[in-house]
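**Student:** Each chain, letter by letter, is given below.
There are 2 protein chains.
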Amino acid sequence: MDGLVGKITAELLKKNIKPSYQRIKIMEYLIEKNNHPTVEMIYNHLVKEIPTLSKTTVYNTLNLFIEKGLVRPLTIEDNEARYDTIISNHGHFKCQSCGEIYDFPVEIDDFVPDKLQGFEIADKNVYFKGLCPKCISS
Amino acid sequence: MDGLVGKITAELLKKNIKPSYQRIKIMEYLIEKNNHPTVEMIYNHLVKEIPTLSKTTVYNTLNLFIEKGLVRPLTIEDNEARYDTIISNHGHFKCQSCGEIYDFPVEIDDFVPDKLQGFEIADKNVYFKGLCPKCISS
DNA sequence: CTATGTATTTGTAGTGATTACAATTTTATT
DNA sequence: AATAAAATTGTAATCACTACAAATACATAG
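Sequence lines, in order, name chains W and Z. Each position in the first sequence, counted from 1, maps to that position plus 892 in the numbering used here. Each position in the second sequence, counted from 1, maps to that position plus 892 in the numbering used here.
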């Protein structure tokens, strides 16, 4: 029926994560929405389907996913953390007016500077801020 | 005597900021240390010289500097904000072991992608994580 | 030089995201 | 079914940060 759930299950098992209902649903949300959600957004959406869901579970699960390298926290200076599934190199643009976050492709590997010889780089982030076209034209 | 204080005073006046003792001291700390400090670090250091200093003042002052474009918050996913004086394009590398933050030069302007045509980019951040040479060799 | 108004600083109390922890529930194994 | 292990849940605590009002320092007019 639902191929996505199957894929998620396999992905979790590969990382030694027991594919519980909550974990699958949270990962499913991240992949389907692909909207850089806050914990609040994830919780509010899923609690409709899983009335017993606890916010703590959302936190626990996201931290587990981060630890296992399935998800990474977005580095944006708001007071709320946001989360992203790990895909190939891309940066994030946040509109300072509407708050929307856009992905854009970026060849991050191209510009590792000489100064970082001898450093072991585990994670690279590129993050721009400004105004999106919608907000400029309104 | 102290040319730096003079420069800071002029810089603040240029931005229509009254150069109070606390404001000068905070800016002086940022420039001299150049260590991407947290509010805690700034407060703990300056309270020795200014015993009446309030943490609220540090927050207020940093927010004022950010508003006026003298300082920018570092975008690092810790729970504590860090601050940086505004210089030319550079990225930040945070060692996941010792927590030290290193600057490195980066030509950020070179890789603004096509997808962001029509966007107005106000601020660009590049942020890497990993291990620094010291921690690798120990 | 003093009086009055304005800006700055300060301290306390509050907010809100995140975590610690213990209890409950679910899942796996014998 | 019985027991052990893991996952989920709810509550309470923590901690960075902010709101707000009182106190202080500063500036300007008379």
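Simulated from the structure, these hints should not be mistaken for lab results. There's no promise every hint is true.
Pairs count within a copy or across copies, as identical chains cannot be separated in the list.
Stated by the list, open to error - With a cut-off of at most 25 Å between alpha-carbon atoms, the simulated SDA-like pairs for lysine to any residue come out as follows: (1) 1021 with 912; (2) 899 with 917; (3) 1016 with 936; (4) 1007 with 939; (5) 1016 with 978; (6) 1007 with 988.
**Student:** Hint by hint, where does the structure go against what was stated? Just the numbers, ascending.
**Tutor:** 1, 3, 4
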